[in-house]
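K.L.:
Starting from the two chains in their separate frames, assemble the complex, guided by the hints.
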Amino acid sequence: MAVVLILVLLVVGSLLFHVLSPWWWTPIASNWTYIDSTLVVTFWITGVVFVAVVLFMAYCVYRFRHKPGNKAAYEPENRRLEWLLASGTAVGVAAMLAPGLIVWNQFVTVPDEAQPMEVVAQQWLWSFRLPGVDGKLGRSDTRDITSENPLGLNKNDAAGLDDVIVEGGELHLPVGKPVRVLLRSIDVVHDFYVPEFRAKMDMIPGMVTYFWLTPTRTGTFDILCAELCGVGHPQMRGTVVVDEAADYQTWLDQQQTFNQLLASGEQQPAN
Amino acid sequence: MVEIPSGSADAVPTAEVEDVELYHPKSWWTKYVFSQDAKIIAVQYSVTAISIGLVALVLSWLMRLQLAFPGYFAFIDANHYYQFITMHGMIMVIYLLTALFLGGFGNYLIPLMLGARDMVFPYANMLSYWIYLLAVLILVAGFFVPGGPTGAGWTLYPPQAVLSGTPGGSDWGILLMLFSLIVFIIGFTMGGLNYVVTVLQGRARGMTLMRMPLTVWGIFTATVMALLAFPALFVACVMMLFDRLLGTSFFMPAIVEMGEQLQHGGGSPILFQHLFWFFGHPEVYIVALPAFGIVSDLISTHARKNIFGYRMMVWAIVVIGALSFIVWAHHMYVSGMNPAFGFFFATTTLIIAVPTAIKVYNWVLTLWRGDIHLTLPMLFALAFIVTFVNGGLTGLFLGNVVVDVPLSDTLFVVAHFHMVMGVAPILVIFGAIYHWYPKVTGRMLDDVLGHIHFWITFLGTYAIFFPMHYLGLLGMPRRYHELGDTVFVPPSANTLNVFITVMALVVGAAQIVFLFNLVWSLFKGREAGGNPWRATTLEWQTPQTPPAHGNWGKDLPVVYRWAYDYSVPGAAEDFIPQTQPASGGATREVVA
Numbered sequence: 377m378a379v380v381l382i383l384v385l386l387v388v389g390s391l392l393f394h395v396l397s398p399w400w401w402t403p404i405a406s407n408w409t410y411i412d413s414t415l416v417v418t419f420w421i422t423g424v425v426f427v428a429v430v431l432f433m434a435y436c437v438y439r440f441r442h443k444p445g446n447k448a449a450y451e452p453e454n455r456r457l458e459w460l461l462a463s464g465t466a467v468g469v470a471a472m473l474a475p476g477l478i479v480w481n482q483f484v485t486v487p488d489e490a491q492p493m494e495v496v497a498q499q500w501l502w503s504f505r506l507p508g509v510d511g512k513l514g515r516s517d518t519r520d521i522t523s524e525n526p527l528g529l530n531k532n533d534a535a536g537l538d539d540v541i542v543e544g545g546e547l548h549l550p551v552g553k554p555v556r557v558l559l560r561s562i563d564v565v566h567d568f569y570v571p572e573f574r575a576k577m578d579m580i581p582g583m584v585t586y587f588w589l590t591p592t593r594t595g596t597f598d599i600l601c602a603e604l605c606g607v608g609h610p611q612m613r614g615t616v617v618v619d620e621a622a623d624y625q626t627w628l629d630q631q632q633t634f635n636q637l638l639a640s641g642e643q644q645p646a647n
Numbered sequence: 014m015v016e017i018p019s020g021s022a023d024a025v026p027t028a029e030v031e032d033v034e035l036y037h038p039k040s041w042w043t044k045y046v047f048s049q050d051a052k053i054i055a056v057q058y059s060v061t062a063i064s065i066g067l068v069a070l071v072l073s074w075l076m077r078l079q080l081a082f083p084g085y086f087a088f089i090d091a092n093h094y095y096q097f098i099t100m101h102g103m104i105m106v107i108y109l110l111t112a113l114f115l116g117g118f119g120n121y122l123i124p125l126m127l128g129a130r131d132m133v134f135p136y137a138n139m140l141s142y143w144i145y146l147l148a149v150l151i152l153v154a155g156f157f158v159p160g161g162p163t164g165a166g167w168t169l170y171p172p173q174a175v176l177s178g179t180p181g182g183s184d185w186g187i188l189l190m191l192f193s194l195i196v197f198i199i200g201f202t203m204g205g206l207n208y209v210v211t212v213l214q215g216r217a218r219g220m221t222l223m224r225m226p227l228t229v230w231g232i233f234t235a236t237v238m239a240l241l242a243f244p245a246l247f248v249a250c251v252m253m254l255f256d257r258l259l260g261t262s263f264f265m266p267a268i269v270e271m272g273e274q275l276q277h278g279g280g281s282p283i284l285f286q287h288l289f290w291f292f293g294h295p296e297v298y299i300v301a302l303p304a305f306g307i308v309s310d311l312i313s314t315h316a317r318k319n320i321f322g323y324r325m326m327v328w329a330i331v332v333i334g335a336l337s338f339i340v341w342a343h344h345m346y347v348s349g350m351n352p353a354f355g356f357f358f359a360t361t362t363l364i365i366a367v368p369t370a371i372k373v374y375n376w377v378l379t380l381w382r383g384d385i386h387l388t389l390p391m392l393f394a395l396a397f398i399v400t401f402v403n404g405g406l407t408g409l410f411l412g413n414v415v416v417d418v419p420l421s422d423t424l425f426v427v428a429h430f431h432m433v434m435g436v437a438p439i440l441v442i443f444g445a446i447y448h449w450y451p452k453v454t455g456r457m458l459d460d461v462l463g464h465i466h467f468w469i470t471f472l473g474t475y476a477i478f479f480p481m482h483y484l485g486l487l488g489m490p491r492r493y494h495e496l497g498d499t500v501f502v503p504p505s506a507n508t509l510n511v512f513i514t515v516m517a518l519v520v521g522a523a524q525i526v527f528l529f530n531l532v533w534s535l536f537k538g539r540e541a542g543g544n545p546w547r548a549t550t551l552e553w554q555t556p557q558t559p560p561a562h563g564n565w566g567k568d569l570p571v572v573y574r575w576a577y578d579y580s581v582p583g584a585a586e587d588f589i590p591q592t593q594p595a596s597g598g599a600t601r602e603v604v605a
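Quick note, the sequences are listed as chains A and B, same order.
Each residue of the first sequence is one higher than the last, beginning at 377 in the working numbering.
Each residue of the second sequence is one higher than the last, beginning at 14 in the working numbering.
These are computed hints drawn from the structure, not numbers from a lab.
Just so you know, even glycine gets a beta-carbon here, dropped at the ideal spot from N, CA and C.
Careful: at least some of the hints might be erroneous.
Claimed, not checked - Under 7 Å between C-beta atoms, here's a sample of chain A residues computed to sit facing chain B:
| no. | residue |
| --- | --- |
| 1 | LEU460 |
| 2 | ALA462 |
| 3 | LEU473 |
| 4 | ALA602 |
Claimed, not checked - Quick list of the computed label-pair ranges, beta carbon to beta carbon:
| no. | chain 1 | residue 1 | chain 2 | residue 2 | range |
| --- | --- | --- | --- | --- | --- |
| 5 | A | LEU460 | B | LEU518 | 39 to 47 Å |
| 6 | A | PRO403 | B | LEU222 | 51 to 59 Å |
| 7 | B | LEU258 | A | GLN636 | 39 to 47 Å |
| 8 | A | TYR435 | B | THR221 | 42 to 50 Å |
| 9 | B | ARG539 | A | TYR435 | 47 to 55 Å |
| 10 | A | SER523 | B | VAL248 | 36 to 44 Å |
| 11 | A | PRO398 | B | LEU78 | 18 to 26 Å |
As the list claims (entries may be wrong) - Partner residues aside, some chain B positions facing chain A, computed with beta carbon under 8 Å:
| no. | residue |
| --- | --- |
| 12 | ASN92 |
| 13 | TRP167 |
| 14 | ALA366 |
| 15 | ALA370 |
| 16 | GLY542 |
| 17 | VAL581 |
| 18 | ALA585 |
In isolation and in its complexed conformation, chain B is listed as follows (with noise of 0.2 Å):
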């Protein structure tokens, strides 16, 4: 018998968790809207943040038929554009991907798979989506007001976010924009505790910490570093509203704009700049954390094989957490910050490869001598790694801080960071929607319409960031409306830009593939029973598929064994579920 690293089956179940009484809802609206139950809660936060980000691909076509054709389309002034940057960048990375990975696989995941009834504070969650939903509508409303939303690149550094050259600047654009982060920031906190509260607290008997599937690892330790970097963020916005209200100079040294002077004077540009990256580093692991435990999940269930090096897996998911809150500065190696601080940071970020790497390797070695079902989130899951590992590597460029001086600010930095943290994790989203779209809805995703969704997108994508990296390192800047008369650009770039931007209307326009499979399959889709992946994770050993109000029926789950039991030698099936007791009276020590 192969000893299991943790979580054998004959391990002691934990305490007795005391069941709860969750609150019963009365009507249709408590029921459908103001809803307690995560799982509704889940799918109201994945619907708005799809929805938002729809918003966000459409500002990316604009930004990319700008970029390929400028001057053509009259109505993508620079104003424009810069608006659409900065929309495009803060909705991706905030509103759809935090608070699809937090708000909508944490909310949907963590009590399914932990054999909870629900998150320990369901009200303070239904009042973090509502929250989160005021944050959209108020980051929205920035398109309707005069002058519209802010310009100033996603990143928001004063003092340009706040003075008149810029779109939104001196206008009601950045106001709505710090305002909405505020809001956002409020609500997240609300659910961020619950996840954190519940993976803590509410697991089911037997359920050891090194039992939980790496999704819910991957998810509770985003969380932990979402709820230490936000308040940086939040302090940062505060501060800079002060600054555009009230006169204050946190981030304002004394300013001569446009031949007159300011009255602002003595603050810190730069300190905005270590407040934004101190959030903002983490951010991206606040983003990839999730994708990597799902992604994990992914390819042990469809490759019918144990994730290789469970034990090493968490401890990288944990190691990856705390590291990446010394690294921020590597944001700003070209800063003016002291020249010092390059040593240190750029020895932290590329420390932080060898763990990320020892992941990357035990995703392949899971699918060395597995038994590989080429489904849709194991198709998504193998593009994941090679998108990943393309955008990871470029990282080691950027991060080693001499190498960043000259791709900094360029297209390097864009392709890199779309690849690693916007393309890789949206992958990961389309596999984890294609696994569990059955589990939420009752039916599975169209394979057909699913294969077309997945090879345009993946094939796509890659088309459009691998390129784009050599167009910085020839040097094209990034964040320019336009390039104009550059002498050392040769007009083949132009002829690369236009390529880029038909890729990037053909990916997007995959998405509504993507969309009407959803749509469809809610209605048309083949019906799924409760386990069609037979799987070994708890949420697919619910009574009911969808599963009710409460999950469980009348008794909670037990857990006996941890999360990955694929393929045990002996074993009659190529799963064993977690709640099944090891064979030959394993369940005395359940008695308690």
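One chain only, chain A, in its complex shape (with noise of 0.2 Å):
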């Protein structure tokens, strides 16, 4: 007895430690609220499965235990309720996989007025390139870092010369904008990874990877690494601020571009 009334608290516990805990995922920044959409669709199919057959099974606990002179049935298959379990499955899967598979391919598919940005990642700090008033961003190869070209542009692209650089700390995004976040590493793996936006991907060395996200609200948010690049990894910290259209025009003109830190590197060896 002592089981059967255990499991049925263990079902009873989880469901309200479900609702009843303080521990729930952060405010959306993004367009992604698809993606809460179908996570709560799947708490809902996948909590009825799970409180099912738990409680099933208590039953089966409470009314079929062993008692003298008890004798369990014998019946090897039944094909047709079998059949009809494995078909309900399949549709309870359908059911999450289907509005799964349409939200990624939204999240795959980026769209062309979205504006490029580029995250640059190395152990263990983040960077950033903006697009200068080309809208474009210039080549870059890990070959061409140097000291005074920390991100490796091609200085002999005219498309990189006005692209802004932001070494370390802090970026800005416009409010409402969809862009494209390229991403690019020159050491080991790492993850660009900012909760409330719920996006993240890897960036791999040797090669650019992409998501998209529209902000959605202003704020100021952690930037986190999400894949294990060496002992730095937990501190490798960065934060996004997205701001109104006018307070990230402000930020922007602040920043320096590529250009101008190239002429800042030229000038030092001169003094």
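P.N.:
Structure (structure tokens):
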């Protein structure tokens, strides 16, 4: 009997924990509310299955536990029941998969108007690059990285000269504008992760990965690294500030371009 | 008369199996140490696996202490923390679970359950164990070399695994880890070929494939998978060793490490991830399928009822095994691979839920109208179902590509895989040990100690990992030595972390009760007799308990029925051993 009671309490306890616990996702700050909705659908379907299976088991233990003189039934198969359960499961799975794939399609289809911007990771700090007035990011290569050119931009590519370079620290994004986040790493695998954006993606040295989002509310959010990148992994922090358009422009104007960075680098040896 | 799906009692046994001449040990050394007897090898595998598992248990304590009380224990610095998580993960997955299920249970049960005298290649089987032990020793050596063991995480992703920003990356740590894995795979292959060939060629007369207990089906399928999956890990290890030692660039693109251009160029870090998970995902089922098989037999025996839907159960095992080779990239949804792969891998991954769910239904339907004896093996089986259902369902979150995006690399993942491939299989291992210990030693494990062990382990692990999902949902990343100042994490989350750590310490301590029980019962346990659970399968019908070398005395057993004739209507007892001929002269078919 204790077993039955504990199984029931375990179900009730899990449900209460789910409803009452203060630990839930952070308020969303991007367009990916569909991800949250799919998650909620999944919670409902899996929750119902969990409760049903464990309670059924508890009932079986209650009803069919051994008593002297009891004898089990002999029923090797029941094809109808088995196929019925299999089909029911298939329907439940499809109910989760279908919305999931539809949202994934949105996730991987970057809208044309999305502005490119680049996040560059290294052990253990974040840098950022925003396109200049031409709206384009210049070419880059890990081989071109020097102390004066920390992100390895190609000096011969005119599109890169006006790129805005932000080393370490703080990234700003305008609210309501879709951005295509291009991700690059110069040493090991990192992962650009802002919990409030929901989206995240690994950054692989040797290739450029991406995702897109539209920030939907202003505020300041933590950037974390979500892929183990060595002992400094937890300290690899940054901040993303989502601004109104005007504030964003003010911030952007204060940042230095690649051209300015090169110029200051050339001045130093002359000093 | 109900029609029995397979192996009805009057089916004709298969052709004569020639008896084999075994190697007979001549000294104490060849009998107990360099033994070729699968049963001794099984015990050697099990004791070694459990011993190294205890190391992993202590490492998990240290990690949990750091997470609950960051900075309080000065010796658990970032380096050590990452070394602990890496060694904990690798030990649990490979050196404990894989070795114990296949090397331990596989060796003990395959010959006995199939009516064979031993494995078909006893000498290779012996080598398999000693090579495994060597792999364990190389792994442990990591703790004693300069720089310590690798701290690259059990996934060993390059480039960080071989760079100086990771503990052991530019020292001995990563080398020993790769060597150890390579040696392990060599040893496993020797054992694995044995298990497969024994199942296919070594069965007793009458033991058709569709009369085999599900335990053997689970171990057999898992072994086939392991033989196909481990080579991917093997080549990945060799390639990484070349990158590290010979300066090749299989996994190494152009890299600037701490401001310095490295000599590598052109390699692909993501190639390693594909190789790793091509092994890594089947590995989950290499651990799970033996557990599925064993738990089916525990439930059937202790509910005194045939396993429900035996044929469906066999096919589910085979289908899961096959599908598990085309789902690996669901570990890589946010890896930066071509996002179009997400559609394919999410679909295959969720399809695998269907045969898995069928198994769960058939377990609980076996309980339905059973005669449930709440023995320790049955309790562990029930706990397994709860834990596995919970962990399996959270797999539907992570398998569904877009839902995985926010949860990937958070504690949700840690909670999920600990539930589904950590705790759930371990609960089966415990149930199996309580079930088969009487056969191995001739004595029963103590019931009171067993109940203490059971309740703390089951409820404790649930209390550890169920709430942990919600920390992941909150966004708390995994593999953080300390969380530091983070705006989105409320202080209450640390309270939960402390709770989880306390539960982890308690659950760990409960294992001491179990170990004590294992040793104490060896000398003081109640005499078990040959078939204490009144089970049908062959291992309970041996002439001696524990079974002698060669298992069966003079004559090999002959099998007349499937493994699940429990509570057959009209039978005198509530079980009919597989060796019992059908009444009414069914023996005529046996005469060849």
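K.L.:
A separate judgement is required for each hint: does it hold in the structure or not?
P.N.:
Hints versus structure:
Because the smallest distance between the Cβ of A:LEU460 and any Cβ of chain B comes to about 10 Å, over 7 Å, the interface hint for this residue is violated. Here the hint on A:ALA462 is kept, as its CB sits about 6 Å from the closest CB of chain B, short of 7 Å. Hint status for A:LEU473 relative to chain B: holds, with the closest Cβ pair at about 5 Å, below 7 Å. The beta carbon of A:ALA602 comes within 4 Å of a beta carbon in chain B, closer than 7 Å, and the hint placing it at the interface holds.
Checked against the hint of 39 to 47 Å, the pair A:LEU460 and B:LEU518 passes, with Cβ atoms roughly 45 Å apart. Between A:PRO403 and B:LEU222, the C-beta spacing of about 56 Å keeps the proposed range 51 to 59 Å intact. Restraint check, B:LEU258 to A:GLN636: a C-beta distance of roughly 44 Å satisfies the suggested window 39 to 47 Å. At about 36 Å, the beta-carbon gap between A:TYR435 and B:THR221 misses the expected band of 42 to 50 Å.
For the pair B:ARG539 and A:TYR435, the supplied restraint of 47 to 55 Å is violated, since their beta-carbon distance comes to about 33 Å. Judged by the Cβ atoms, the range 36 to 44 Å given for A:SER523 and B:VAL248 holds: they are separated by roughly 38 Å. One distance hint, 18 to 26 Å for the beta-carbon pair A:PRO398 and B:LEU78, holds here, with the actual separation near 24 Å. The beta carbon of B:ASN92 comes within 6 Å of a beta carbon in chain A, closer than 8 Å, and the hint placing it at the interface holds.
A hinted interface residue such as B:TRP167 counts as satisfied when its beta carbon comes closer than 8 Å to some beta carbon of chain A; here the least separation is about 10 Å, so the hint is violated. Satisfaction of the interface hint for B:ALA366 is found here, the shortest Cβ-Cβ separation to chain A being roughly 5 Å, below the 8 Å cut-off. With its C-beta approaching chain A no nearer than about 4 Å, B:ALA370 sits inside the 8 Å limit, and its interface hint holds. A least Cβ separation of about 19 Å between B:GLY542 and chain A goes past the 8 Å threshold, and the interface hint is therefore violated.
The beta carbon of B:VAL581 is positioned within 8 Å of a beta carbon in chain A (closest approach about 6 Å), and the interface hint is therefore held. Annotation: interface hint on B:ALA585 violated; nearest CB of chain A at approximately 12 Å, more than 8 Å.
Against the hints set out earlier in the document, violations occur for numbers 1, 8, 9, 13, 16, 18.
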